[in-house]
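Engineer: In order, the protein sequences belong to chains V and C.
Counted the way my numbering counts, the first sequence spans residues 6 to 510.
Counted the way my numbering counts, the second sequence spans residues 2 to 172.
No lab work stands behind these hints: they were computed from the structure.
Possibly wrong hints are sitting among the right ones.
[Unchecked claim] One-sided and incomplete, this derived list gives chain V residues near chain C with beta-carbon spacing under 10 angstroms:
{"#": "1", "residue": "Arg299"}
{"#": "2", "residue": "Thr303"}
{"#": "3", "residue": "Leu305"}
{"#": "4", "residue": "Gln316"}
{"#": "5", "residue": "Pro323"}
{"#": "6", "residue": "Leu325"}
{"#": "7", "residue": "Pro329"}
{"#": "8", "residue": "Gly330"}
{"#": "9", "residue": "Arg333"}
{"#": "10", "residue": "Ser411"}
{"#": "11", "residue": "Thr412"}
{"#": "12", "residue": "Leu438"}
{"#": "13", "residue": "Pro444"}
{"#": "14", "residue": "Leu456"}
{"#": "15", "residue": "Thr459"}
{"#": "16", "residue": "Arg490"}
[Claimed, not checked] Here are the simulated distance ranges between beta carbons:
{"#": "17", "chain 1": "V", "residue 1": "Leu423", "chain 2": "C", "residue 2": "His141", "range": "21 to 29 angstroms"}
{"#": "18", "chain 1": "V", "residue 1": "Val104", "chain 2": "C", "residue 2": "Pro123", "range": "38 to 46 angstroms"}
{"#": "19", "chain 1": "C", "residue 1": "Val77", "chain 2": "V", "residue 2": "Arg276", "range": "53 to 61 angstroms"}
{"#": "20", "chain 1": "C", "residue 1": "Val77", "chain 2": "V", "residue 2": "Ser238", "range": "55 to 63 angstroms"}
{"#": "21", "chain 1": "V", "residue 1": "Val381", "chain 2": "C", "residue 2": "His141", "range": "48 to 56 angstroms"}
{"#": "22", "chain 1": "C", "residue 1": "Val43", "chain 2": "V", "residue 2": "Phe445", "range": "32 to 40 angstroms"}
{"#": "23", "chain 1": "C", "residue 1": "Val151", "chain 2": "V", "residue 2": "Thr303", "range": "32 to 40 angstroms"}
{"#": "24", "chain 1": "C", "residue 1": "Leu62", "chain 2": "V", "residue 2": "Cys424", "range": "50 to 58 angstroms"}
[As the list claims (entries may be wrong)] Pulled from the structure, derived: some chain V residues nowhere near chain C, Cβ distances all over 12 angstroms:
{"#": "25", "residue": "Asp358"}
{"#": "26", "residue": "Leu457"}
{"#": "27", "residue": "Pro460"}
{"#": "28", "residue": "Val483"}
Every residue gets a Cβ at the ideal spot worked out from N, C-alpha and C, and that includes glycine.
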Amino acid sequence: MTDAPGAGEQGRAPGTDQQGRALGTEQQDGWRRLHPLSPLLRGGVMVAAAGAWLVSNQLDTLFGNDSELPGGRALALVALAAVLFLLLVVLGSWLSWRVSRFRVGPTSLEVRTGLLFRQHRQVRHDRVQAIDVTRPLLARLVGVSEVRVRAAGTGSDVRLAFLADSQARAVRDRLAALAGRSDELEPAAGDRSGAPGADGRPAATPAPAGLRSRHDSIVRVPAERLVQAALYSGQALSLLAALVLLAASAAVHVGPAVPAIASFVLAVGGRRARQLVREWNFDVARQPDGIRVRHGLTELHTSSIPAHRIQAVQLRQPLLWRLPGWWRVEINVAGVAVGKDGDAVALPVGTRDEALEIVRVVRPATDLRAVRAGLVGGGTDGGYLAAPARARWLAPVVGTRHGAASTGDALLVRSGRLCRVLTVVPHARTQSLTLRQEPFERVLGLASLRLLSTPGPADPWVRHLDAAAATALLNAQVARSSRARALANANGPDFGDSVALRPQT
Amino acid sequence: MEERQGWAGPAVELYAGAGVPWRGVSRRLVTARGLVVSAVAVAALAGLVLLAALTGSGLPLWGCGAVLVGWLLALVVVRRQVGAISWAEQPEELVIRRGRLWRTLVSVPYGRLQFADMQSGPLARRLGIARVEVHTGAVHTHAHIPGLPVEEAEALRSRLIERGESQRAGL
Numbered sequence: 006m007t008d009a010p011g012a013g014e015q016g017r018a019p020g021t022d023q024q025g026r027a028l029g030t031e032q033q034d035g036w037r038r039l040h041p042l043s044p045l046l047r048g049g050v051m052v053a054a055a056g057a058w059l060v061s062n063q064l065d066t067l068f069g070n071d072s073e074l075p076g077g078r079a080l081a082l083v084a085l086a087a088v089l090f091l092l093l094v095v096l097g098s099w100l101s102w103r104v105s106r107f108r109v110g111p112t113s114l115e116v117r118t119g120l121l122f123r124q125h126r127q128v129r130h131d132r133v134q135a136i137d138v139t140r141p142l143l144a145r146l147v148g149v150s151e152v153r154v155r156a157a158g159t160g161s162d163v164r165l166a167f168l169a170d171s172q173a174r175a176v177r178d179r180l181a182a183l184a185g186r187s188d189e190l191e192p193a194a195g196d197r198s199g200a201p202g203a204d205g206r207p208a209a210t211p212a213p214a215g216l217r218s219r220h221d222s223i224v225r226v227p228a229e230r231l232v233q234a235a236l237y238s239g240q241a242l243s244l245l246a247a248l249v250l251l252a253a254s255a256a257v258h259v260g261p262a263v264p265a266i267a268s269f270v271l272a273v274g275g276r277r278a279r280q281l282v283r284e285w286n287f288d289v290a291r292q293p294d295g296i297r298v299r300h301g302l303t304e305l306h307t308s309s310i311p312a313h314r315i316q317a318v319q320l321r322q323p324l325l326w327r328l329p330g331w332w333r334v335e336i337n338v339a340g341v342a343v344g345k346d347g348d349a350v351a352l353p354v355g356t357r358d359e360a361l362e363i364v365r366v367v368r369p370a371t372d373l374r375a376v377r378a379g380l381v382g383g384g385t386d387g388g389y390l391a392a393p394a395r396a397r398w399l400a401p402v403v404g405t406r407h408g409a410a411s412t413g414d415a416l417l418v419r420s421g422r423l424c425r426v427l428t429v430v431p432h433a434r435t436q437s438l439t440l441r442q443e444p445f446e447r448v449l450g451l452a453s454l455r456l457l458s459t460p461g462p463a464d465p466w467v468r469h470l471d472a473a474a475a476t477a478l479l480n481a482q483v484a485r486s487s488r489a490r491a492l493a494n495a496n497g498p499d500f501g502d503s504v505a506l507r508p509q510t
Numbered sequence: 002m003e004e005r006q007g008w009a010g011p012a013v014e015l016y017a018g019a020g021v022p023w024r025g026v027s028r029r030l031v032t033a034r035g036l037v038v039s040a041v042a043v044a045a046l047a048g049l050v051l052l053a054a055l056t057g058s059g060l061p062l063w064g065c066g067a068v069l070v071g072w073l074l075a076l077v078v079v080r081r082q083v084g085a086i087s088w089a090e091q092p093e094e095l096v097i098r099r100g101r102l103w104r105t106l107v108s109v110p111y112g113r114l115q116f117a118d119m120q121s122g123p124l125a126r127r128l129g130i131a132r133v134e135v136h137t138g139a140v141h142t143h144a145h146i147p148g149l150p151v152e153e154a155e156a157l158r159s160r161l162i163e164r165g166e167s168q169r170a171g172l
């Protein structure tokens with residue numbers, strides 16, 4: 006069913022391609038090319054990699070290690086081969102640039118790529134999960150950016166690398182406006198049924214116009230706080246311990262220990278440093294229908310996330326962050342890679358009020374008092390359903406802090422005593438639920454409920470509830486999420502995911 | 002059909018809502034899983050006997066004893082596990098229970114269903130059973146019902162897809 010429109014496109018594709026080539030225009034039926042420098046930039050990355058490889062080899066030779074490179078004439082040959090290879094790479098990327106085009110259509114973003122293996126990919130606007138604009142160092146020097154559109158499936162991202170900065174911003178704003186049509190009926194904005202304006206935004210409601218000012222920054226993280234937060238972590242402490250150990254073992258001449266500890270220091274310290282570089286200049290701004298997160302020291306990264314695409318919000322406070330009272334906010338968004346740390350961060354470190362402000366922006370209908378109550382404390386404070394006292398047999402530390410509370414539109418899951426965690430899961434975004442009872446839980450009459458979310462930092466478990474209460478919570482949650490979804494459906498159902506077609510040549 | 006009714010086993014207390022029409026899975030799943038376990042056990046026994054014959058030492062024979070005990074235990078566990086699997090189609094959700102020591106109950110709202118597929122390997126095909134797996138936006142949903150008679154699995158799958166379409170709500 007979803008293939009049908011794509012197949013039509015495919016039939017039309019060669020004709021449009023030829024026209025575009027014959028006229029040599031940048032624009033044909035709204036089809037646009039990427040920035041002409043893109044092939045060079047992509048090749049440039051290869052040049053840098055090759056250079057780094059050569060340099061590292063030379064360094065090895067300097068340090069007396071066996072080099073993989075032979076010297077003299079052989080070196081010249083290798084260099085020649087490398088240059089030829091690079092030329093081929095640049096040529097290849099130039100050709101692929103020639104045939105790549107994209108278009109922001111009325112219902113979807115369409116991208117055509119591939120010389121031999123043609124690919125026509127469409128992502129429907131209502132399926133866009135998040136839009137990122139990335140500017141690597143090299144691209145920043147030239148003034149171009151990469152736009153990446155995240156769809157829910159793995160490998161269904163669309164990358165537009167590269168576009169001129171202004172064009173990238175325009176494409177981003179347009180896609181965000183088209184994608185930002187919330188499917189969740191919120192009490193405040195009940196009359197969403199109003200016909201969307203020409204640019205896809207609801208024309209009737211005046212609120213979005215007021216929020217249009219794009220630099221409506223909510224939180225800006227100062228650099229010194231980032232550094233301090235990095236120091237207040239277990240990793241930093243272990244690093245410190247390792248450094249002391251390193252100095253000690255060097256002093257008493259325990260030779261073999263030195264490289265082991267040094268490599269540990271390098272690995273952990275490197276990770277921390279990379280994280281710092283990523284999270285530098287962190288800035289969270291409000292957008293018409295969500296948030297925009299911008300960060301990065303060398304590589305500038307901007308991500309626009311429609312609020313209704315956020316599957317879960319997690320507030321976390323590691324033990325040492327209690328001293329300054331800081332929190333970290335992370336989010337689950339479908340299709341946003343989990344492995345690359347930092348992609349799912351909405352606030353690397355902020356005060357409690359800043360963290361709550363972010364929750365307020367992305368979940369305007371959620372009761373903030375309940376969230377605040379869940380950040381600290383345990384038991385039934387703030388109307389939470391908590392694990393009974395006998396759960397201490399299984400969770401001696403967390404004990405009755407395990408708990409959950411339901412507000413009008415989301416379930417708040419409380420956990421973690423030393424490293425406090427509170428997760429907000431919107432009812433409309435509950436994917437499925439699992440009730441689990443381990444042997445010891447059965448003996449104590451307890452059960453745990455897990456709310457399954459899309460892959461991401463948050464994995465909310467309400468652990469060790471009374472078995473009957475857990476069952477009741479499961480039933481209530483099914484009813485709530487189905488009601489929330491029914492509202493969403495009444496508000497306009499959406500079908501189909503991104504479609505990728507790969508016709509053979 | 003009757004065989005499954007009888008095989009549903011004692012009620013798992015979790016989610017013991019009144020009037021939930023729990024259904025068990027086919028007893029042939031015991032045969033399928035038992036055969037797999039037995040194949041492994043027989044291979045291990047053959048290897049050990051061969052080893053004993055070649056080396057002339059008595060030690061591998063002790064191993065044979067251990068394998069035999071393990072085999073019997075595994076067969077018992079398979080029977081009990083299969084008896085503990087049950088599922089129910091509720092108005093809003095598909096519910097699957099499994100496990101006896103580690104009990105799990107999975108609830109998948111129909112509107113969250115991304116796709117449902119049906120699979121059966123060579124052994125399962127011969128026995129006429131299939132496995133229905135339900136996928137949602139979450140990777141860890143693990144909602145599958147093994148050991149359904151093929152025609153029932155087919156019917157369930159199409160019913161699920163139908164309901165998923167009518168209650169669909171994006172991600």
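Engineer: Against each hint, give a clear statement of whether it holds in the structure.
Structural biologist: Going through the hints against the structure:
1. Arg299: violated (25 angstroms)
2. Thr303: violated (32 angstroms)
3. Leu305: Since chain C brings no Cβ nearer than about 28 angstroms to V/Leu305, farther than 10 angstroms, the hint is violated.
4. Gln316: Holds. Min distance 7 angstroms.
5. Pro323: At 25 angstroms from the nearest chain C Cβ, V/Pro323 fails the 10 angstroms test, so the hint is violated.
6. Leu325: With Cβ-Cβ at 30 angstroms, over 10 angstroms, it is violated.
7. Pro329: With a minimum Cβ separation of about 34 angstroms from chain C (threshold 10 angstroms), the hint on V/Pro329 is violated.
8. Gly330: violated (33 angstroms)
9. Arg333: Not OK, violated: V/Arg333 not within 10 angstroms of chain C, min 23 angstroms.
10. Ser411: At 16 angstroms from the nearest chain C Cβ, V/Ser411 fails the 10 angstroms test, so the hint is violated.
11. Thr412: violated (20 angstroms)
12. Leu438: holds (5 angstroms)
13. Pro444: This hint holds: V/Pro444 lies near chain C, its Cβ roughly 5 angstroms from the closest one there, short of 10 angstroms.
14. Leu456: holds (9 angstroms)
15. Thr459: Result: holds, 5 angstroms to nearest chain C Cβ.
16. Arg490: holds (4 angstroms)
17. V/Leu423 to C/His141: 21 to 29 angstroms: holds (25 angstroms)
18. V/Val104 to C/Pro123: 38 to 46 angstroms: Distance hint for V/Val104, C/Pro123 holds at roughly 45 angstroms.
19. C/Val77 to V/Arg276: 53 to 61 angstroms: violated (48 angstroms)
20. C/Val77 to V/Ser238: 55 to 63 angstroms: violated (49 angstroms)
21. V/Val381 to C/His141: 48 to 56 angstroms: violated (29 angstroms)
22. C/Val43 to V/Phe445: 32 to 40 angstroms: holds (36 angstroms)
23. C/Val151 to V/Thr303: 32 to 40 angstroms: Hint violated: Cβ distance 58 angstroms, outside 32 to 40 angstroms.
24. C/Leu62 to V/Cys424: 50 to 58 angstroms: The hinted range 50 to 58 angstroms holds for C/Leu62 and V/Cys424, with Cβ atoms some 53 angstroms apart.
25. Asp358: Given that every Cβ of chain C is farther than 12 angstroms from that of V/Asp358, nearest at about 30 angstroms, it holds.
26. Leu457: violated (4 angstroms)
27. Pro460: violated (5 angstroms)
28. Val483: Given that some Cβ of chain C is not farther than 12 angstroms from that of V/Val483, nearest at about 5 angstroms, it is violated.
Hints 1, 2, 3, 5, 6, 7, 8, 9, 10, 11, 19, 20, 21, 23, 26, 27 and 28 from the earlier list are contradicted by this structure; the remaining hints agree with it.
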